[in-house]
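A.B. asks: One-letter residues, chain by chain:
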Amino acid sequence: MSEEKVGVYVCHCGHNIAGTVNVEEVSEWAGQLPNVAVAKDYKFMCSSLGQEMVEEDIKKEGLTRVVVAACSPHMHEPTFRGACQRAGMNPYLFEMANIREHASWVHQDDKPAATEKAKAIISGAVRRSLELAPLEPFRAPINKTTLVVGGGIAGINAALEIAGAGYKVLLVEREPSIGGHMAQFDKTFPTLDCAACILTPKMFDVGNSPNIELLTYSEVEQVDGYVGNFTVRIRKRARKIDTTLCTGCGDCWERCPAKVIDDVYESGLGYRTAVYRPFPQAVPKYPVIDTESCIYFKNGRCKACEKFCPTGAIKFDQEDEVVVVNVGNIVLATGYDVFDARRIPAYGYGRLANVFTSMEFERMTNASGPTDGKVVLRDGVTAPETVAIIHCVGSRDKNTNVYCSATCCMAALKFAHLVKEKTNAQVYNFYIDMRTAFKDYELFYTRLLEEGTHFIRGRAAEVTDAARLPGEEGKLIVQAEDTLIGKQRRVPVDMVILMVAMEPRADASEVAHRFGIGCSDAGFFTERHPKLDPVATMTEGIFIAGTCQGPKDIPASVSQGEATAARVLGLIGKGEVQIEPVRAQIDEDRCSGCRICNNLCPYNAIDFIAEKGVSRVNPAQCKGCGTCVAACPSQVITGQHYTYDSIMSQIEGLLYDVRSPNEKVRVVEMEPA
Amino acid sequence: MTASNGAYVYYPGCSLQASAHAYDISTKRVAERLNLTFNEIDDWNCCGATEFFSINALPAYSLVARNLALAAQTGGAPELVAPCSACYLNLRKTNDYMAKYKKLNQQVNQALAAGNLHYNAGSLRVRHLLDIVVQDVGYEKIGAEVTRSLQGMRVAPYYGCLIVRPDTGYNTEYPTHLDKLMTTLGATVIDFPMKTHCCGGHMTQISEAVAYELIRRILKNAADYGADAIVTLCPMCQLNLDVYQGQVNRTFGTDFNIPILYFTQLMGIAFGMTPQELGFGSEVVSADRALAQIGREEPEERERPKRKDKQALPMPALNGGGRSES
Numbered sequence: 001m002s003e004e005k006v007g008v009y010v011c012h013c014g015h016n017i018a019g020t021v022n023v024e025e026v027s028e029w030a031g032q033l034p035n036v037a038v039a040k041d042y043k044f045m046c047s048s049l050g051q052e053m054v055e056e057d058i059k060k061e062g063l064t065r066v067v068v069a070a071c072s073p074h075m076h077e078p079t080f081r082g083a084c085q086r087a088g089m090n091p092y093l094f095e096m097a098n099i100r101e102h103a104s105w106v107h108q109d110d111k112p113a114a115t116e117k118a119k120a121i122i123s124g125a126v127r128r129s130l131e132l133a134p135l136e137p138f139r140a141p142i143n144k145t146t147l148v149v150g151g152g153i154a155g156i157n158a159a160l161e162i163a164g165a166g167y168k169v170l171l172v173e174r175e176p177s178i179g180g181h182m183a184q185f186d187k188t189f190p191t192l193d194c195a196a197c198i199l200t201p202k203m204f205d206v207g208n209s210p211n212i213e214l215l216t217y218s219e220v221e222q223v224d225g226y227v228g229n230f231t232v233r234i235r236k237r238a239r240k241i242d243t244t245l246c247t248g249c250g251d252c253w254e255r256c257p258a259k260v261i262d263d264v265y266e267s268g269l270g271y272r273t274a275v276y277r278p279f280p281q282a283v284p285k286y287p288v289i290d291t292e293s294c295i296y297f298k299n300g301r302c303k304a305c306e307k308f309c310p311t312g313a314i315k316f317d318q319e320d321e322v323v324v325v326n327v328g329n330i331v332l333a334t335g336y337d338v339f340d341a342r343r344i345p346a347y348g349y350g351r352l353a354n355v356f357t358s359m360e361f362e363r364m365t366n367a368s369g370p371t372d373g374k375v376v377l378r379d380g381v382t383a384p385e386t387v388a389i390i391h392c393v394g395s396r397d398k399n400t401n402v403y404c405s406a407t408c409c410m411a412a413l414k415f416a417h418l419v420k421e422k423t424n425a426q427v428y429n430f431y432i433d434m435r436t437a438f439k440d441y442e443l444f445y446t447r448l449l450e451e452g453t454h455f456i457r458g459r460a461a462e463v464t465d466a467a468r469l470p471g472e473e474g475k476l477i478v479q480a481e482d483t484l485i486g487k488q489r490r491v492p493v494d495m496v497i498l499m500v501a502m503e504p505r506a507d508a509s510e511v512a513h514r515f516g517i518g519c520s521d522a523g524f525f526t527e528r529h530p531k532l533d534p535v536a537t538m539t540e541g542i543f544i545a546g547t548c549q550g551p552k553d554i555p556a557s558v559s560q561g562e563a564t565a566a567r568v569l570g571l572i573g574k575g576e577v578q579i580e581p582v583r584a585q586i587d588e589d590r591c592s593g594c595r596i597c598n599n600l601c602p603y604n605a606i607d608f609i610a611e612k613g614v615s616r617v618n619p620a621q622c623k624g625c626g627t628c629v630a631a632c633p634s635q636v637i638t639g640q641h642y643t644y645d646s647i648m649s650q651i652e653g654l655l656y657d658v659r660s661p662n663e664k665v666r667v668v669e670m671e672p673a
Numbered sequence: 001m002t003a004s005n006g007a008y009v010y011y012p013g014c015s016l017q018a019s020a021h022a023y024d025i026s027t028k029r030v031a032e033r034l035n036l037t038f039n040e041i042d043d044w045n046c047c048g049a050t051e052f053f054s055i056n057a058l059p060a061y062s063l064v065a066r067n068l069a070l071a072a073q074t075g076g077a078p079e080l081v082a083p084c085s086a087c088y089l090n091l092r093k094t095n096d097y098m099a100k101y102k103k104l105n106q107q108v109n110q111a112l113a114a115g116n117l118h119y120n121a122g123s124l125r126v127r128h129l130l131d132i133v134v135q136d137v138g139y140e141k142i143g144a145e146v147t148r149s150l151q152g153m154r155v156a157p158y159y160g161c162l163i164v165r166p167d168t169g170y171n172t173e174y175p176t177h178l179d180k181l182m183t184t185l186g187a188t189v190i191d192f193p194m195k196t197h198c199c200g201g202h203m204t205q206i207s208e209a210v211a212y213e214l215i216r217r218i219l220k221n222a223a224d225y226g227a228d229a230i231v232t233l234c235p236m237c238q239l240n241l242d243v244y245q246g247q248v249n250r251t252f253g254t255d256f257n258i259p260i261l262y263f264t265q266l267m268g269i270a271f272g273m274t275p276q277e278l279g280f281g282s283e284v285v286s287a288d289r290a291l292a293q294i295g296r297e298e299p300e301e302r303e304r305p306k307r308k309d310k311q312a313l314p315m316p317a318l319n320g321g322g323r324s325e326s
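Going down the list, the sequences are from chains A and B. Using this note's numbering, the letters of the first sequence map in sequence onto residues 1 to 673. Using this note's numbering, the letters of the second sequence map in sequence onto residues 1 to 326.
In case anyone wonders, no lab produced these hints; they're calculated from the structure. Where a beta carbon is used, it is the ideal one built from N, C-alpha and C, also for glycine. Just so you know, not all the hints are guaranteed correct.
Said to hold, decoys possible - Calculated pairs, DSS-like style, for lysine-lysine (alpha carbon to alpha carbon, straight line, at most 30 Å):
| # | chain 1 | residue 1 | chain 2 | residue 2 |
| --- | --- | --- | --- | --- |
| 1 | B | K310 | A | K422 |
| 2 | B | K310 | A | K259 |
| 3 | A | K60 | A | K43 |
| 4 | A | K487 | B | K220 |
| 5 | B | K102 | A | K398 |
| 6 | A | K531 | A | K574 |
| 7 | A | K422 | A | K439 |
| 8 | A | K374 | A | K398 |
| 9 | A | K398 | B | K100 |
| 10 | A | K398 | B | K180 |
| 11 | A | K59 | A | K43 |
Stated by the list, open to error - Here are the computed distance ranges between Cβ atoms for each label pair:
| # | chain 1 | residue 1 | chain 2 | residue 2 | range |
| --- | --- | --- | --- | --- | --- |
| 12 | B | N45 | A | T400 | 38 to 44 Å |
| 13 | A | D109 | B | L58 | 35 to 41 Å |
| 14 | B | A144 | A | K298 | 31 to 37 Å |
| 15 | A | P134 | B | D167 | 56 to 62 Å |
| 16 | A | Y271 | B | A49 | 54 to 60 Å |
| 17 | A | F438 | B | L318 | 36 to 42 Å |
Construct the entire structure; sequences and hints are all you get.
C.D. replies: Given below as structure tokens:
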């Protein structure tokens with residue numbers, strides 16, 4: 001029999017637990033368990049009084065183990081570990097028993113059974129606690145440089161905040177300029193202030209900050225290391241421009257004879273040249289040569305840009321450059337892709353000329369866009385007299401994406417206003433629900449209602465040019481069930497705008513894998529906690545901001561960008577990181593060097609030491625997930641804090657009422673697969 | 001080619017022996033050319049039509065299941081092909097529902113036992129003829145058989161409502177496999193927004209006014225786009241659009257004159273067969289004028305919007321999105 005003295009504390013959690021589990025009975029029962037010296041129940045264990053009770057008992061009763069039966073360890077394990085530590089106990093000798101999520105909440109209709117289950121869970125926790133060993137966290141210094149990936153509005157704000165606090169930032173952007181999707185917009189809802197006017201000063205600040213090194217037209221290829229000490233390999237794609245010579249004068253793109261449709265910045269609605277700067281306010285000001293469309297790269301002739309460049313900055317032979325940098329923290333702000341409207345053929349995008357996407361319309365209505373801000377049909381001259389705006393294209397639709405894209409209702413209102421302002425056309429909004437949450441948004445909706453925009457509540461079934469009724473000839477007809485009047489409606493219009501969804505970047509899962517973070521079902525990056533830890537990820541030192549985490553508008557993206565900066569600065573301020581000691585450890589004397597664990601590790605934390613012929617876990621990179629522990633055919637990997645003995649003891653404890661106490665759970669030796 | 005090695009159980013259904021005789025013989029000619037063996041079910045019966053299911057479900061399912069039980073004993077199983085969309089739907093529905101609902105399966109098999117039959121639900125794969133043609137044979141092989149390109153002929157691909165739903169792997173609202181088949185044959189395929197809209201079904205017998213309006217919409221859309229013919233894959237669709245075209249013209253004062261042809265007939269023509277051996281001539285609206293378009297030089301541009309000037313905005317490219325069906 002072990003000499004350990006265990007204290008068991010059963011939390012009522014108000015009615016959350018006590019309403020279902022008979023907590024008095026459970027704590028009394030727990031007091032009878034072997035090694036349990038103290039067993040109490042209390043209304044809120046997480047309160048300061050609850051914590052003080054634990055601290056006092058450790059000191060007075062000489063407890064060597066503490067079990068708190070309450071909520072999920074995700075919630076309060078750190079709380080009680082702290083209490084134990086304050087009382088002089090090693091925090092890793094604390095064990096949490098979850099009798100809320102695992103008992104009271106899921107068995108509300110069967111109180112006696114919930115009570116019995118709570119006993120079993122506590123019995124398991126007590127048995128397990130006896131097998132715990134004291135552990136010490138690792139400490140590592142933090143590199144004060146931060147990598148920000150993505151130069152949209154979220155990444156820009158993260159970079160500016162961190163740089164403003166006096167620390168170096170490396171801002172990596174895939175496109176030739178920072179600015180992101182916001183740079184494509186004309187107006188922003190609900191205030192209708194000009195997107196460029198509020199964005200470009202920030203872009204300018206990024207370009208001029210002495211603390212920000214800007215790597216545009218570049219991509220992160222590889223990430224190694226761990227919080228505080230990441231090593232990142234970045235490919236700087238060849239611009240074919242010597243930026244030390246280029247003045248951004250524009251002679252090159254003005255002379256370039258190769259015109260191609262600009263699918264990125266102009267969303268396919270306008271053209272650019274092969275050597276181009278995406279937009280006039282681009283940061284940096286230097287152009288790039290798109291070798292796919294450049295005539296010289298196709299057939300070896302032309303070189304018009306080179307001839308006319310006054311500073312000799314055109315370098316056709318410039319090669320990609322790979323740089324390796326060390327950073328302490330990483331902020332991912334990689335943004336979103338726009339839903340491809342061709343995936344819903346019934347709306348006719350790509351077939352019917354005057355069906356536009358919302359991104360095309362953003363460009364059209366932008367004063368610096370292909371139509372100089374004029375709202376016109378695809379012929380480029382005719383102003384529409386009637387316009388339909390179809391909401392939820394690729395959102396809230398089980399055929400495409402089930403989620404709401406959050407911003408399109410407001411953007412649709414903005415469009416409706418701009419169409420009316422510029423053309424005085426009749427505007428019909430086909431919506432499922434109007435979603436105008438957040439500050440002052442509803443007022444904007446009210447304003448649009450007063451402006452006389454038509455709102456038809458019903459998802460549009462199709463957009464067709466097959467005229468049937470008088471007045472439909474030569475028009476696009478939007479068919480929808482108006483669910484407020486309970487009738488089918490056919491609305492003939494000149495122009496249709498499809499409010500396309502925000503989707504995860506096409507390569508989001510690859511990027512997530514590269515940085516060692518997760519993606520949700522929809523494909524957006526997963527935050528550590530949806531409510532209480534929205535910008536951290538399960539990988540320490542890697543934060544996410546903006547639409548890569550889920551659809552959101554500009555204010556929310558900015559908030560998240562700044563939130564990541566606060567988190568990064570917090571870590572930098574500490575100077576060093578404490579790394580959880582819950583790690584895998586390989587007994588090198590017994591390791592056969594089979595390397596099965598090497599590739600299974602999701603965090604690339606296992607290195608093969610060739611000279612010794614064994615594998616070794618890098619504790620700073622290891623997350624303690626246990627994959628290697630389970631996979632090791634020689635069973636020489638130990639998961640600290642989750643040893644075989646502790647897990648088997650916990651199982652024995654859980655099964656206290658169905659096994660004789662003398663019967664040991666047998667560890668079954670598994671043959672390697 | 002599938003595991004069935006080009007052999008299929010063939011369920012013609014009643015239409016193909018009567019109004020859709022042209023569909024039956026053109027199917028057989030084309031199948032022969034493509035080395036497909038169609039073994040007709042011996043002693044098959046009615047597919048249950050559509051209304052029977054609403055009146056008395058169990059006899060309706062049993063009626064269809066008899067065909068399935070017999071089909072399972074026929075060479076070519078487990079692939080069962082039906083050229084008629086309604087037959088396809090009823091056979092597939094019965095097959096799927098019997099596999100899904102134990103009680104129905106039990107009751108239907110009890111009924112079948114009276115005739116010493118039994119059907120293992122789900123053991124057959126019920127498929128429409130068009131699916132066999134585009135999936136099992138494939139566009140490439142069909143293209144290789146084309147000896148007389150349909151170039152010059154503008155066709156409106158009309159799918160009707162039954163073959164694209166549910167869960168067929170084809171886009172439900174805007175399928176394009178018939179489009180692609182016609183393009184493979186050399187025809188010009190018009191954008192046809194009404195391609196899956198209702199042909200009227202049995203409405204001609206219930207409410208003429210409703211039916212004629214439904215038919216008018218389809219004919220008008222095809223005419224607006226300058227189609228020489230509407231190509232179909234369902235005897236019901238063919239019948240409604242063809243036989244009632246005159247009635248529609250009289251009712252609405254229109255002058256539609258669009259032949260309604262089976263896709264197998266056009267495949268046969270493209271394969272170099274004569275109209276006679278493909279059942280041409282039995283259609284009410286004559287196909288002669290449409291057939292005369294074949295081989296015509298690149299048809300004169302029909303009001304294709306001229307690129308007015310440099311002001312016109314670029315159209316989004318269609319490749320990739322939307323029409324990516326195999």
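A.B. asks: Mind checking the alpha carbons of A:K398 and B:K100 for me, to see if they're no more than 30 Å apart?
C.D. replies: Since the Cα atoms of A:K398 and B:K100 sit roughly 23 Å apart, the hinted pair holds (cutoff 30 Å).
A.B. asks: Would you say the C-beta atoms of A:P134 and B:D167 sit inside 56 to 62 Å of each other?
C.D. replies: Check passed, 58 Å falls within 56 to 62 Å.
A.B. asks: Quickly compare the C-alpha distance for A:K59 and A:K43 to 30 Å and report which way the hint goes.
C.D. replies: Distance of about 22 Å is within 30 Å: holds.
A.B. asks: So if I understand the rule, the pair passes when the alpha-carbon distance is 30 Å or less; does A:K531 with A:K574 pass?
C.D. replies: Distance ~25 Å between A:K531 and A:K574 Cα, so the pair holds.
A.B. asks: Straight-line Cα separation of A:K398 and B:K180 no greater than 30 Å?
C.D. replies: holds, 27 Å
A.B. asks: Run the distance test for A:K60 versus A:K43: straight-line Cα separation, threshold 30 Å.
C.D. replies: The given pair, whose Cα atoms are some 22 Å apart, holds under the 30 Å limit.
A.B. asks: B:K310 and A:K259 were given as a pair; does the straight-line alpha-carbon distance stay at or below 30 Å?
C.D. replies: holds, 12 Å
A.B. asks: When you check the alpha-carbon spacing of B:K102 and A:K398, does it fall within 30 Å?
C.D. replies: holds, 29 Å
A.B. asks: Assuming the hint says 36 to 42 Å, is it satisfied by the Cβ distance from A:F438 to B:L318 or not?
C.D. replies: holds, 37 Å
A.B. asks: Is the gap between the beta carbons of A:Y271 and B:A49 within 54 to 60 Å?
C.D. replies: Given about 57 Å between the Cβ atoms, the range holds.
A.B. asks: For A:K487 and B:K220, compute the direct alpha-carbon distance and say whether it is at most 30 Å.
C.D. replies: Within the cut-off at roughly 24 Å; holds.
A.B. asks: What's the verdict on A:K422 and A:K439, does the C-alpha distance respect the 30 Å limit or exceed it?
C.D. replies: holds, 26 Å
Hint 8 alone, counting from the list given before, is not met by this structure.
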